[in-house]
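J.: Sequence:
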Amino acid sequence: MIVAESSSKKNKQLQKISIIHTLGPEGTNCEKAGYLWFERQSIQGQVFLHQTLEEALVHVKETESSALLGCAVYPYLHDIVFKNLTSLELVDSFIMPTYNMVLASKEEVITTNNLLIASHPAPVDLAHSISPNVQLVNSNAQAAIDCLEGKVDACITTSKAANEQGLTVVKDFGEVPMCFTLHGRK
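Residue numbers (full-length UniProt numbering): 1 to 186.
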């Protein structure tokens with residue numbers, strides 16, 4: 001027999017969360033989602049950013065009042081869920097439009113089809129629609145940083161990260177309605 005958790009019990013569990021660990025650096029959709037979750041819950045909380053969700057998970061396990069915020073299209077979210085069933089549980093999810101996803105570069109015009117494009121694995125098909133040469137990175141924001149540093153010719157990133165790094169938006173793919181998941185300690 002399956003028994004649904006009561007709404008008041010779930011709300012009490014969510015109200016205890018004051019720290020969200022998620023994917024960084026600054027400018028990721030996960031960071032935006034973390035702050036939005038706190039706003040929707042009317043909680044004054046902190047969002048801590050990590051290079052990967054796997055790294056963030058370590059901090060969640062060490063901190064009583066914390067949770068992990070992930071994106072449903074994160075390539076290894078299933079591993080995070082099923083490898084941590086004894087210590088972690090899915091406590092909430094919501095849909096939020098991402099920042100506009102963009103192709104950005106230090107140059108205004110991109111003239112070659114053999115560009116090296118930095119991309120997180122989740123939106124990599126946007127990069128592949130432009131060039132077969134893709135360098136995978138840990139986040140959309142990291143893609144923008146690598147582009148600014150000249151490690152790649154262009155990047156698939158968020159409009160926010162492109163603007164923060166002073167990159168030129170070459171193509172705007174728009175917002176993507178996205179599901180974000182919140183994982184709390186058992």
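Everything labelled a hint here was simulated from the structure, so no lab data went into it. Among these hints, one or two may not hold up.
Below, in silico cross-link-like pairs of lysine-lysine (DSS-like), each with a Cα-Cα straight-line distance of 27 Å or less [unchecked claim]:
(1) 32 to 186
(2) 12 to 186
(3) 106 to 83
(4) 12 to 32
(5) 61 to 171
(6) 171 to 32
Here the structure is a predicted model, which is why all the values come from computation and not from measurement.
J.: Does each hint fit the structure? Answer for all of them.
T.: Evaluation of the provided hints:
1. 32 to 186: holds (25 Å)
2. 12 to 186: Since the Cα atoms of residue 12 and residue 186 sit roughly 13 Å apart, the hinted pair holds (cutoff 27 Å).
3. 106 to 83: violated (40 Å)
4. 12 to 32: Distance ~23 Å between residue 12 and residue 32 Cα, so the pair holds.
5. 61 to 171: Given pair residue 61, residue 171 is violated - Cα atoms ~40 Å apart, limit 27 Å.
6. 171 to 32: Holds, because 22 Å separates the two Cα atoms, which is no more than 27 Å.
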